[in-house]
Structure formats: structure tokens, C-alpha cells
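Protein chains in written order, with the numbering used here: chain A, 1 to 321; chain B, 1 to 274.
Quick caveat, the hints were computed from the structure, so don't treat them as lab data.
Here are a few chain B residues that sit away from chain A, every Cβ distance over 10 Å (derived from the structure):
no., residue
1, ALA101
2, GLY175
3, PRO188
What the simulated footprint calls covered on chain A by chain B, stretch by stretch (three residues with Cβ under 8 Å from a Cβ of chain B suffice, anywhere in the stretch; the number is not a length):
no., region
4, 137-147
5, 151-157
6, 247-257
7, 268-282
No residue lacks a Cβ here, since even glycine has one placed at the ideal position from N, Cα and C.
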Amino acid sequence: MRTARRIAGIVASVVLVLWGAATLSFLAFRVLPGDPVSVMLGPQAQVGEAVKERIRADLGLDRPLLDQYLGYLGGLLRGDLGTSYQLRLPVSEVIGRQLGATVQLTALALLLAVLLAVAGAVLARGHGARGAVAVVELIVLSSPVFWIGLLLLSVFAFGLGWFPVSGSRDPMSLVLPAVTLSLPVAALLGQVLREGVEAAERQPFALTVRARGAGHARLTLRHTLRHGAAGTMTLAAYLVGSLLGGAVLVETVFARPGLGRVTLAAITDRDLPVVTGVILLSALVFVVVSTMAELLGPLVDPRLRTASGRRVPPARLEGQR
Amino acid sequence: MSSAERTGRGALTALAASVLLVVIVAALFPWLLSGTDPLQTDVRQALLPPSAEHWFGTDQSGRDVYARVVHGAGRSLGIGVLATGLALVTGMLLGTASGVAPRLLDTAAMRANDVLLAFPEFFLALVVVALLGPGPVNVAIGVTLAAAPVYVRLARVQTQVLRRAEHVEAARILGVPPVRAFVRHVAPGVLGSLSVLATIGLGTSVLAAAGLSFLGLGPAEPAPEWGLMLAGGRNVLGQAWWISLFPGLAITATVLAASFLGRILRARVEGRTL
Chain A
1 MRTARRIAGI VASVVLVLWG AATLSFLAFR VLPGDPVSVM LGPQAQVGEA VKERIRADLG
61 LDRPLLDQYL GYLGGLLRGD LGTSYQLRLP VSEVIGRQLG ATVQLTALAL LLAVLLAVAG
121 AVLARGHGAR GAVAVVELIV LSSPVFWIGL LLLSVFAFGL GWFPVSGSRD PMSLVLPAVT
181 LSLPVAALLG QVLREGVEAA ERQPFALTVR ARGAGHARLT LRHTLRHGAA GTMTLAAYLV
241 GSLLGGAVLV ETVFARPGLG RVTLAAITDR DLPVVTGVIL LSALVFVVVS TMAELLGPLV
301 DPRLRTASGR RVPPARLEGQ R
Chain B
1 MSSAERTGRG ALTALAASVL LVVIVAALFP WLLSGTDPLQ TDVRQALLPP SAEHWFGTDQ
61 SGRDVYARVV HGAGRSLGIG VLATGLALVT GMLLGTASGV APRLLDTAAM RANDVLLAFP
121 EFFLALVVVA LLGPGPVNVA IGVTLAAAPV YVRLARVQTQ VLRRAEHVEA ARILGVPPVR
181 AFVRHVAPGV LGSLSVLATI GLGTSVLAAA GLSFLGLGPA EPAPEWGLML AGGRNVLGQA
241 WWISLFPGLA ITATVLAASF LGRILRARVE GRTL
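Next comes chain A alone, as it looks inside the complex (with noise of 0.2 Å):
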């Protein structure tokens, strides 16, 4: 029973996300001034008027809104996004084609942070090395993620000469791009996670945990490190929209097709469905990854098992910005 509601409850969130974004896109673009079609057609089009109607009757841009914002829920009900203004392709090809190497950089830049988060907290130990770590993570958030992308690629890729300049082929082209993108989102893990620890370590366990003979990698890796954990996984959101924005200038550094690019091209030429399209994926990633967050904290962190089963929620994080 408690199942159920809490699946219904779920199904539900992810709906109301979901509807949440497609409104607002929907809203931004008919009430804010600017005809999409003039956009559209480019600012040295030669067209009459008759013709840009015909256009507007097309794309059902002349109905009442009441209208269209009906017809567009439909739309998305039945999985479709519509027609891109630029390419005169469904939405979902667009988004569909490039999405393949957005995930491979953004799922390797993660793993990437992740290891090297984990890294920063279990082997910098004591007050220098942990300071030292510190001001890294502190110079790294400090610093424009494109900025990083441009001074690997000028050392690396130009200087040295180990990696391809661009492209997206070989499979070393990946490299610097999902380091680019990691670091960022490592720092930002880092800090947190390091907290996390030391708030643990500071714990009465931690001294019983020391006292049973247990040395420091094993107090770190079985116990206190779930304990950082936890706070991580609230920063899921977070991720995901790092992630996305970064994934967008990193690709810009590197020429490297993708959503990124995809994404930016829409903006400028204000190809107002593949717009809509981006957001609405994005909310989808962030539903699903907040909810598996949810799920999956009680699994790693011991303290938010209850005997009656129910999740207390982890306290707010401070200081996640």
C-alpha cells in the first residue's frame, strides 16, 4: 500500500514537472513579443505578407491560443515535439541524432568527477593536504568552465600534441572535453563530500569505529564516506544542470557535435520547437535523476533507514553554491 502511493506519488511529480516546463515554454514564446515567423524567415527575407499568413496558417500559428496550447499538449502526449523552424525535421530527429555523444561526454565527465571527488576526500588527509585540496576546488569554481576547456586544449591538444585538436571520431578526442566538464563538477562534489566526512569523523563512531582497531582507509571507505555521500546525492539537480550548460560551452571549445550544439544553434536562430524540445529533455533528466537520488539514498547512507521503512530526509545542504 505505502508502495503504491508512494510509486502514484512519483508518476506524479515527474507529470507535474514535465507539464510545469512545457507551459512555461509554451508561454514564453506566444506572449513575449516577436514574430516567430520573421525570425523565422531571416531578417533579409523578401517575403510579402500574403505569404508569411500562408506560413503562420501552416504552422497553425493563427488559431487561438487556447487552441494551440491544447493541440501542443496533445502533441507531447503522443511523443511529438513538433517540426524544427531551421531544418524542416521533427524535433525528436534533431534532438534524437546528436543526443548520443552529449551522453558519452556528460556520463564520462561524471564518472570522472566522481573519482576524482572520491579521490580528493579519502587520500587528502590531515589539516595542509586538506587545505591544499581546498583552494584547488576554490580556484577551480572560480574559474570560467570554457576558460579550462581553451588552456587543456592550447597545452594538450596544440602544445604537446597528445590529443586531436577537434572532431569527434577518434575516441581520444574525448578526453579533454570530459575532463573539462568533470572538474567543475568534481570541485563542487569535492567540497561537499569533504564536509560530509570530516562532520562524520568528528562523530562518536568514528571514535568507537577507531578504537575496534579499524585504521583510517577502512573508517573512510566503509563508514564516513556514506556518510559525505548523502549529502552528494541531494546535489542531483545540481549535476544534471551543470552538466547541461557545460556540455553546451564545452562543445562550443572543443567543435564537437552534440546537444551542446544543437541547443545553441536553436537559441540563436530562435528555432522555438528544438527550444521546447531541450528544456522539456532537461526536465525529464531531472525528474528521473532527483527521484533515483531519492531512492537509491537510504541504500548508501545507514542514518536515513528507519525501522518503520520511512525516508527521513537528509538536512539542506549549506553552502551547495
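Place chain B on chain A using the hints.
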């Protein structure tokens, strides 16, 4: 804290303050730091490496990179500073309103705010610019809206705390009208907390604005702007690393200095060491 650490922290604070001072001078009076015209092109002088004549080298049109970094400070930081100020005002209005609003409205507003708060500023700003379209004004709006949720949250919490504070209770008992009590006794306290947060938030907003400019969504060429300069440097990275180095260094130094001073200020206000 040991005395060596205190000296070290003092030195760092002085360094951060001088970096910010130089940046502010560059933003307000760029001609004091560089007499060269940042828009002056000279094809024969294109892509020269750093030298005594051109400290930071020249770009593909032969423009002096040092002059462009100095003259770009105002435009590069302007959007971030403006957005931080506007976000503070937005936070003040919405946050205090939510803090005194009926419970249901307050809860609904805070839930929505929490969702926005979960995302990084750059992502939110990008979504807003995607909806509004490119351009410097829309970039400023995007960065403002992206930064605002933190201020809204803090303003609302502070309002609720201060409303129940003893001096406000006392004012009410003495018969001070609620609006006057709010303006005289609650609002200044909230504004103080928000100002401290703004020093820390400034860096994030500057980074978000630089990112959007780098993508070509903000100011247009040939305006000297750090993000835009980096985008131009990308095309000639193999031949001229200096175009891509110095504007980025300027962004990082500014953001680092601002957030370091902000943290010290916050620690001071909260009465604890860092």
C-alpha cells in the same frame, strides 16, 4: 588560528582587495591603465606575442589585448554587477512578501523557489536566454533571474526571524503601525544579510554572464568583452595562446577575489572565523 595563519590570511585579504581595486579602476577609468584604443586595428601587427610594446600581445586584427582586457572590464563585469543588484532587489521584494504572506501562498512560492535553487546559475540563465532570445539585455535578465532564488530564500527566512524578534514585538506593543515597524525594523536587517550574500554571489553571476558572452549570446564584436574575446581566441588557439589566456585570467582573478572577500565579510558578520 595560529599567528602564522593569521598573517597569511591578512596577506591574502590584502591581495584580494588590491585585485578588486585594480578591476574597479579598470571598469570605471580604463584610460588610467591603458592609453591604447581597444578598437584600433592594424593588420600588420596581427597575432604578435606578448612584448614590451604589447604586454598581452595582439589579436587577429592587430588590436592590443592588454587594452582590450582593461577596457573590457566595465562591460564584462557590468552585467554581473547589474544582475546581482537586480537579484538582490527581486529577492528583497519577493522574499519579504513571501515571509509575511499567508502560509499556503508562502509554501507554494518557496516550493517553486526551491526547484530553481537546485540548479546552477549558468543553466538557469541559459534557459531564460533560450526563451527570450540572444542579446545583452536578455543576458542580464537571464543572469538576474538565475541569481534571484538564493536572495528570495534568505530574505524570506530573515523576515520570518526578524518579525518575531524582541525589538519588533516591542515596537508593535508600543503601537507602531505594522507597515512602519516593517520598514523601520525588519527591512534594514534583511537588506544587511542580502548585501553580504551579494558579495559572494557576484562571482557566480560574473561567470554566468561570461559564459553566455562566450557563446555569442551577449555583446557583439568588436566590443571588448572578456567572454567574447575568449571566443575569438579559440579560433587562433594554435597560433596565439595569449588571446585565450589573459581575459580568462582576468575573470578568474576577479571572481576569486570577490568570493574570498565575500566569505571573510560573511564570517565577520556572523562573528566567527572562516
